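Q: Sequence:
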Amino acid sequence: MNPSDLLVPSAARALPAGSKERALARLYLRQVWHVVFDPCPGLVAAFPPDGTALLDAFLEHAAGQRLSMRWSLHGQLLFW
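First residue of the sequence shown? That's 1 in our numbering, and the numbers climb one at a time after it.
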């Protein structure tokens, strides 16, 4: 498994169904979801049903641009 599979939703979905790697990727992506949406629940309401479409598109963009997923995550999302 490539470590970038944990951050890129399309790569995570391409992992074998039922595998430990796919489960790990799902857990990590869910953790990123909470980091983004817990401080600003209004974003979830703005992108129904659960904000996943916004987050998936941003994470795909971030992977393509090789953006850092550290403390600057929220700023990068707002800039995007």
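Hints were generated in silico from the structure; no laboratory data involved.
This structure is a prediction, so every number in the text was calculated from the model and none was measured.
Be aware that one or more of the hints could be misleading.
Stated by the list, open to error - Dumping the calculated SDA-like pairs for lysine to any residue here, alpha-carbon to alpha-carbon at most 25 Å: (1) K20 with L6; (2) K20 with A63; (3) K20 with P3; (4) K20 with Q31; (5) K20 with V32; (6) K20 with S10; (7) K20 with V35; (8) K20 with R30; (9) K20 with S72; (10) K20 with L7; (11) K20 with D56; (12) K20 with E60; (13) K20 with V8; (14) K20 with P41; (15) K20 with H34; (16) K20 with L43; (17) K20 with P9.
Q: Now look at each hint and say whether the structure bears it out.
A: Hints and how they fare:
{"no.": "1", "hint": "K20 with L6", "verdict": "holds, 12 Å"}
{"no.": "2", "hint": "K20 with A63", "verdict": "holds, 22 Å"}
{"no.": "3", "hint": "K20 with P3", "verdict": "holds, 13 Å"}
{"no.": "4", "hint": "K20 with Q31", "verdict": "holds, 17 Å"}
{"no.": "5", "hint": "K20 with V32", "verdict": "holds, 18 Å"}
{"no.": "6", "hint": "K20 with S10", "verdict": "holds, 17 Å"}
{"no.": "7", "hint": "K20 with V35", "verdict": "holds, 23 Å"}
{"no.": "8", "hint": "K20 with R30", "verdict": "holds, 15 Å"}
{"no.": "9", "hint": "K20 with S72", "verdict": "violated, 29 Å"}
{"no.": "10", "hint": "K20 with L7", "verdict": "holds, 16 Å"}
{"no.": "11", "hint": "K20 with D56", "verdict": "holds, 21 Å"}
{"no.": "12", "hint": "K20 with E60", "verdict": "holds, 22 Å"}
{"no.": "13", "hint": "K20 with V8", "verdict": "holds, 16 Å"}
{"no.": "14", "hint": "K20 with P41", "verdict": "violated, 30 Å"}
{"no.": "15", "hint": "K20 with H34", "verdict": "holds, 21 Å"}
{"no.": "16", "hint": "K20 with L43", "verdict": "violated, 30 Å"}
{"no.": "17", "hint": "K20 with P9", "verdict": "holds, 16 Å"}
Going down the numbered hints, you'll see the structure goes against 9, 14, 16, while the others check out.
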